[in-house]
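Novice: Protein chains in written order, with my numbering: chain A, 1 to 157; chain B, 1 to 157; chain C, 1 to 157.
There's no promise every hint is true.
Mimicking DSSO-like on lysine-lysine, the simulated pairs with C-alpha atoms at most 30 angstroms apart in a straight line are [to be verified]: (1) Lys61(A) <-> Lys127(A); (2) Lys127(A) <-> Lys61(C); (3) Lys102(C) <-> Lys61(C); (4) Lys102(B) <-> Lys61(A); (5) Lys102(B) <-> Lys102(C); (6) Lys102(A) <-> Lys61(B); (7) Lys61(B) <-> Lys127(B); (8) Lys102(B) <-> Lys127(A); (9) Lys127(A) <-> Lys102(A); (10) Lys61(C) <-> Lys61(A); (11) Lys127(C) <-> Lys61(B); (12) Lys102(A) <-> Lys61(C); (13) Lys127(C) <-> Lys61(C); (14) Lys127(B) <-> Lys102(C).
Partner residues aside, some chain B positions facing chain A, computed with beta carbon under 8 angstroms [what the hints assert, rightly or not]: (15) Thr4; (16) Leu85; (17) Ala106.
Where chain B lies over chain C, by a calculated footprint (3+ residues, C-beta under 8 angstroms) [as the list claims (entries may be wrong)]: (18) 49-63; (19) 125-136.
FYI, nobody ran anything at the bench for these hints, they're computed from the structure.
Every value quoted in this text rests on a predicted model; they were computed, and no experiment measured them.
Glycine included, each C-beta is placed from N, C-alpha and C at the ideal position.
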Amino acid sequence: MNPTDWREAAEDLMAEYADLIDSDRLEAWLDLFAEESVYQVLTRENFDQNLPAALILCTNKNMLRDRVMSLRNANEYNLHYDRHLISNVRIAAGESGILSLKANYAVYQTTFEGQTTLFSVGRYEDKVRLESGRLLFVEKTVIVDTFSVPSLLATPL
Amino acid sequence: MNPTDWREAAEDLMAEYADLIDSDRLEAWLDLFAEESVYQVLTRENFDQNLPAALILCTNKNMLRDRVMSLRNANEYNLHYDRHLISNVRIAAGESGILSLKANYAVYQTTFEGQTTLFSVGRYEDKVRLESGRLLFVEKTVIVDTFSVPSLLATPL
Amino acid sequence: MNPTDWREAAEDLMAEYADLIDSDRLEAWLDLFAEESVYQVLTRENFDQNLPAALILCTNKNMLRDRVMSLRNANEYNLHYDRHLISNVRIAAGESGILSLKANYAVYQTTFEGQTTLFSVGRYEDKVRLESGRLLFVEKTVIVDTFSVPSLLATPL
């Protein structure tokens, strides 16, 4: 692929990532991750100071599957809709077939009564790889600015 | 046009759509619609359940023209500025010259005293067509997450 | 460069602009400006009415350097993190090697306790030029919708 194709594939991946969470299709969302992938949510402070304490840490895809399954079983979590705005997507670097992506996000949550509040802002620092013609996450790191949120550990960011 | 050109044209259309509403040039905004176009605003719930009840429904461009004219005559509506952030624009499908676009949006409103609040988040599911070298909406469907907003029916989303 | 390359370069510049402010690397942020550049922040009203009163006006890069230095010396300003979402980036026009860019932005601020609020929404109307293979701002005009913000004059928008 040429640089423009990579760029478009990266933007499509981000858009699909957002769409699958926002429409609560978390099982299809799992398909965006490679089998040996890492998904983690860190506060900005811990990321900057290189501290290991993550808010969420899944070091392989089975952990991520378990997480989705437990969300499905715990009905009380899903009392809202999510809406992701992902912007400033860019390819930071690429080597040995792994591409580093960066982006900023804002996530809004809306209650079933139609009231919307800002839930979280932050950024993504991801690594993706081409597998069978599509980009998959091998590492998804969500670095949250916002962390004073009690329900932070519900749906993925 | 090649896929990259379509993509860029779609992003430009969305940016122009936002710009024309935000700068209150609603007459020029009308020019983004084909003559036989549909503009509708639906809640997420009604869209998901395939319920016909729309918050706004214009089934042709004359209805949309009337809407803009009535906004112009009812001065009280325009006590704010709009600001659209449209992200995650993507081409979902294309067939027989009609392209399906998806995007997420957040709209902020600012009073004349300079105070800004989040007004609405949601998504677009649009159909566009190339006419005389430019993309026009043949269908613009705004699916709102936020619906507990009294002034929802003022300026377009 | 062809139109797609320009477009991608413009989007990268915006993403880098956001990233350098959000990560508090303001000295590197200065490098995005040409030596004879203008940086200004105006309210929407003043911009529309062509009034000269700017909230911030730096008519050359030394003024901008001074501004960054005074922010560094006045520690009290930096009691928050910034997060920029820049969307609807587009090339409005290009002539004699100068490109006009437009974009919308939302800036969120997060306290060190992790609480996030919307800080400012508005738009950019910029002029950029290719110098030694990279795009630099020769004019950055931030037109704010939001102006009822006491701390507006802290970090750049």
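Novice: Determine for every hint whether it applies to the structure shown.
Specialist: Going down the list of hints, with the structure as the test:
Annotation: proposed proximity of Lys61(A) to Lys127(A) holds, straight-line Cα distance about 15 angstroms (limit 30 angstroms). Of the supplied pair hints, the one linking Lys127(A) and Lys61(C) is violated, its CA atoms being roughly 36 angstroms apart against a limit of 30 angstroms. Distance check on the hinted pair: Lys102(C) and Lys61(C) sit about 21 angstroms apart at the alpha-carbon level, within 30 angstroms; holds. This hinted pair checks out: Lys102(B) and Lys61(A) have alpha carbons roughly 28 angstroms apart, not beyond 30 angstroms.
Distance hint between Lys102(B) and Lys102(C) is fulfilled; the C-alpha atoms sit about 22 angstroms from each other, no more than 30 angstroms. Proposed proximity of Lys102(A) and Lys61(B) is contradicted: the alpha carbons are some 41 angstroms apart, above 30 angstroms. For the suggested pair Lys61(B) and Lys127(B), the alpha carbons sit about 15 angstroms apart, so the restraint of at most 30 angstroms is met. At most 30 angstroms may separate the alpha-carbon atoms for a hinted pair to count; Lys102(B) and Lys127(A) meet this at roughly 25 angstroms.
The suggested pairing of Lys127(A) with Lys102(A) holds, with an alpha-carbon distance near 9 angstroms, which does not exceed 30 angstroms. The suggested pairing of Lys61(C) with Lys61(A) is violated, with an alpha-carbon distance near 49 angstroms, which exceeds 30 angstroms. Restraint check: the Cα-Cα separation between Lys127(C) and Lys61(B) comes to about 36 angstroms, which exceeds 30 angstroms; the hinted pair is violated. In summary, the hint linking Lys102(A) to Lys61(C) is supported, as the alpha carbons are separated by about 28 angstroms, within the 30 angstroms threshold.
A C-alpha spacing of about 15 angstroms is found between Lys127(C) and Lys61(C), which places the hinted pair at or below 30 angstroms, so the restraint holds. A C-alpha spacing of about 25 angstroms is found between Lys127(B) and Lys102(C), which places the hinted pair at or below 30 angstroms, so the restraint holds. Restraint check, Thr4(B) versus chain A: the minimum CB separation of about 6 angstroms is within 8 angstroms; hint holds. Given the 8 angstroms rule on beta carbons, the hint for Leu85(B) holds: about 6 angstroms separates it from the nearest Cβ of chain A.
At about 6 angstroms, the closest approach between the beta carbon of Ala106(B) and any beta carbon in chain A falls short of 8 angstroms, and the interface hint on this residue holds. Counting residues of the region 49-63 of chain C whose CB falls under 8 angstroms from any CB of chain B gives 0; the rule of at least 3 is not met. Counting residues of the region 125-136 of chain C whose beta carbon lies closer than 8 angstroms to any beta carbon of chain B gives 0, which falls below the threshold of three, so the coverage claim is violated.
In summary, the numbered hints that this structure violates are 2, 6, 10, 11, 18, 19.
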